[in-house]
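Novice: Once you have looked at the hints, place chain B with the ligands on chain A.
Spelled out, the chains give:
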Amino acid sequence: MTSTLDPANHPPADAPDYPMSRAEGCPFDPPPRLERLREETPLARVRLWDGTTPWLVTRFADQRAVLSDRRVSADMTHPTYPRSAPGRASLSFIGMDDPEHARLRRMVGSAFTVKNVAAMRPAVQRIVDEAVDGLLAGPRPVDLVEAFALPVPSLVICDLLDVPYADHDFFQRNSRTMVHRKSTPEQRAEASGELARYLGGLVGEKLGEPGGADLLSRLARRVAAGDLTMREATEMAVLLLIAGHETTANMIALSTLLLLRNPDQLALLRDSDDPTVATRAVEELLRYLNITHGGRRRVAVEDMEVAGCPVRAGEGLILPNDVANRDPRAFDDPDELDITREARHHVAFGFGVHQCLGQPLARLELEVVYRTLYRRLPELRLATEFETIPFKHDGFVYGVYELPVTW
Amino acid sequence: MKVSVDEDKCCGAGSCVLAAPDVFDQRDEDGVVVLLNAEPPAELHDAVREAADVCPAAAITLRTAP
Ligand code: HEM
Ligand code: SF4
Numbered sequence: 001m002t003s004t005l006d007p008a009n010h011p012p013a014d015a016p017d018y019p020m021s022r023a024e025g026c027p028f029d030p031p032p033r034l035e036r037l038r039e040e041t042p043l044a045r046v047r048l049w050d051g052t053t054p055w056l057v058t059r060f061a062d063q064r065a066v067l068s069d070r071r072v073s074a075d076m077t078h079p080t081y082p083r084s085a086p087g088r089a090s091l092s093f094i095g096m097d098d099p100e101h102a103r104l105r106r107m108v109g110s111a112f113t114v115k116n117v118a119a120m121r122p123a124v125q126r127i128v129d130e131a132v133d134g135l136l137a138g139p140r141p142v143d144l145v146e147a148f149a150l151p152v153p154s155l156v157i158c159d160l161l162d163v164p165y166a167d168h169d170f171f172q173r174n175s176r177t178m179v180h181r182k183s184t185p186e187q188r189a190e191a192s193g194e195l196a197r198y199l200g201g202l203v204g205e206k207l208g209e210p211g212g213a214d215l216l217s218r219l220a221r222r223v224a225a226g227d228l229t230m231r232e233a234t235e236m237a238v239l240l241l242i243a244g245h246e247t248t249a250n251m252i253a254l255s256t257l258l259l260l261r262n263p264d265q266l267a268l269l270r271d272s273d274d275p276t277v278a279t280r281a282v283e284e285l286l287r288y289l290n291i292t293h294g295g296r297r298r299v300a301v302e303d304m305e306v307a308g309c310p311v312r313a314g315e316g317l318i319l320p321n322d323v324a325n326r327d328p329r330a331f332d333d334p335d336e337l338d339i340t341r342e343a344r345h346h347v348a349f350g351f352g353v354h355q356c357l358g359q360p361l362a363r364l365e366l367e368v369v370y371r372t373l374y375r376r377l378p379e380l381r382l383a384t385e386f387e388t389i390p391f392k393h394d395g396f397v398y399g400v401y402e403l404p405v406t407w
Numbered sequence: 001m002k003v004s005v006d007e008d009k010c011c012g013a014g015s016c017v018l019a020a021p022d023v024f025d026q027r028d029e030d031g032v033v034v035l036l037n038a039e040p041p042a043e044l045h046d047a048v049r050e051a052a053d054v055c056p057a058a059a060i061t062l063r064t065a066p
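Keeping their order, the protein sequence lines are chains A and B. Mapping of the first sequence onto the UniProt record's numbering: residues 1 to 407, in sequence order. Mapping of the second sequence onto the UniProt record's numbering: residues 1 to 66, in sequence order.
Calculated from the structure, these hints are not laboratory results. You may find that some hints are simply not true.
Chain B stretches covered by chain A per the calculated footprint, using a threshold of three residues with CB under 8 Å from any CB of chain A [what the hints assert, rightly or not]: (1) 14-21; (2) 37-43; (3) 46-57.
Below 16 Å or equal to it, Euclidean Cα-Cα: the simulated EDC-like pairs (lysine to aspartate or glutamate) are [to be verified]: (4) A:115 <-> B:29; (5) A:392 <-> A:29; (6) A:115 <-> B:28; (7) B:9 <-> A:98; (8) B:9 <-> A:97.
For glycine and all other residues, C-beta sits at the position ideal for the given N, C-alpha and C.
Chain A with its partners taken away, still in its complex shape:
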């Protein structure tokens, strides 16, 4: 058998375009063509918007190997880094390599330890309870995205960053503009500028009142000690806001829609008194939906081997975690949604040293939502035809633009 893996068999001229489209009527599944590549050509050339042809790595084990390999770089300013859009700039340590990446990431690591996130549970529960109170007091039908999924993670981040209560409206308004589909690029840039100025100002205030245990106070102490510049501190705060808001919001809305389409699974989650049911459901829903559908992106900085084939220094690599999370080599019946399965080894948070820093917090938020929302709204249902729901096929993060529901 001649190897289909030999790059010589895939001259860049034939490389299929990436990203690829999902199948009509299957908005919860990865693009079929990606699944075919995973089975037939686990290392394949693809063509991006700018004509470049990086490698696509589709199998679970190969993705984990590449993402934890020190010979790949996440530096978005590298000339051959496979960019998802023109001018997408790096933000703080997400686009850096160790040791610089580790230095900055560790400065905010404390806020995300399993223990310190567990201490946020009462605050998260209160935020979710109040948001559900708001739904119950408000009109029906309602757009769950606007009325619940977006505000909950935004308020959690306010709590994490210790944003004064009086500024919540300002904070929420600008966060919403940043992620809103109808915002123009100018409005988006202005909102992100406002937030950056605001967060920089907060760090400045903390400089004057040392001793606080919150995240920005810790950053301010590093600034005072000369370990960190004001700019670095501000960028990190903005990264946390961006990385934690839209992701969690999309996950809340999209998984709610998936559960409404799978009433047996929803009933299991809603009616169980066993808290581990929700814990497991969180992992399975993250695996199944894999909302960061654009793929992790890296560039090889040394020659290496991937899926048994040579990859040269300077070549780009794209690792779409969604098909890896449906790899039958890693999960039995991968296309089956089963909230009782053990799915913790999924790669929906990525893998390697850039694996999601906020994952304990994301897990907590989702678990609290799953244990609260469906119980308090047992009659929750779609207020429109499923076929009319707009999916974020073009979004950087996958999800739904709107989710009209009633109860």
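Specialist: Positioned in the frame of chain A, the structure of chain B with the ligands alone reads:
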């Protein structure tokens, strides 16, 4: 089973603590792994193997005692 951790590699995502809280903890100042028990009892071995498997940074090494 002998467990060791490499603090330099650790990125503090805490997956090991979720998998095996009796064996792994995290430093409060930066989230880096703390090994609580380098020779965990047999009933924890499955959990420890899971922790090593889910560690994104290959910071946990297991050796089976001779
Ligand atoms: C369901 C919700 C979430 C999902 C699916 C998600 C997914 C991801 C993924 C896939 C990455 C890896 C990026 C890469 O390898 O290039 C990542 C990184 C990151 N996430 Fe999340 N995330 C979520 C929630 C959060 C939250 C709540 C926060 C914080 C408040 C957060 C903060 C971060 C940060 C700071 C990074 C960069 C880590 C690094 O580069 O070292 N995320 N996230
Ligand atoms: S799972 Fe690995 S990287 Fe994460 S805290 Fe534990 S040892 Fe560190």
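Novice: Give a verdict on every hint.
Specialist: Status of each hint after checking the structure:
1. Only residues whose beta carbon comes within less than 8 Å of a beta carbon in chain A count, and the region 14-21 of chain B has 6; three or more means the coverage holds.
2. Look at the region 37-43 of chain B against chain A: 0 of its residues bring a Cβ nearer than 8 Å to a Cβ of that chain, fewer than three, so the hint is violated.
3. Evaluation of the coverage hint for the region 46-57 of chain B: fulfilled, as 5 residues show C-beta separations to chain A shorter than 8 Å, against a requirement of three.
4. Using a Cα cut-off of 16 Å, the hinted pair residue 115 of chain A and residue 29 of chain B holds, with the two alpha carbons roughly 12 Å apart.
5. Under the criterion of a C-alpha separation no larger than 16 Å, the hint pairing residue 392 of chain A with residue 29 of chain A is consistent with the structure, at around 13 Å.
6. Taken as a hint, the residue 115 of chain A and residue 28 of chain B pair is honoured in the structure, with Cα atoms around 9 Å apart against an allowance of 16 Å.
7. Our distance criterion of 16 Å between C-alpha atoms is met by residue 9 of chain B and residue 98 of chain A, whose separation comes to about 9 Å.
8. At roughly 12 Å between alpha-carbon atoms, residue 9 of chain B and residue 97 of chain A fall within 16 Å of each other, so this suggested pair holds.
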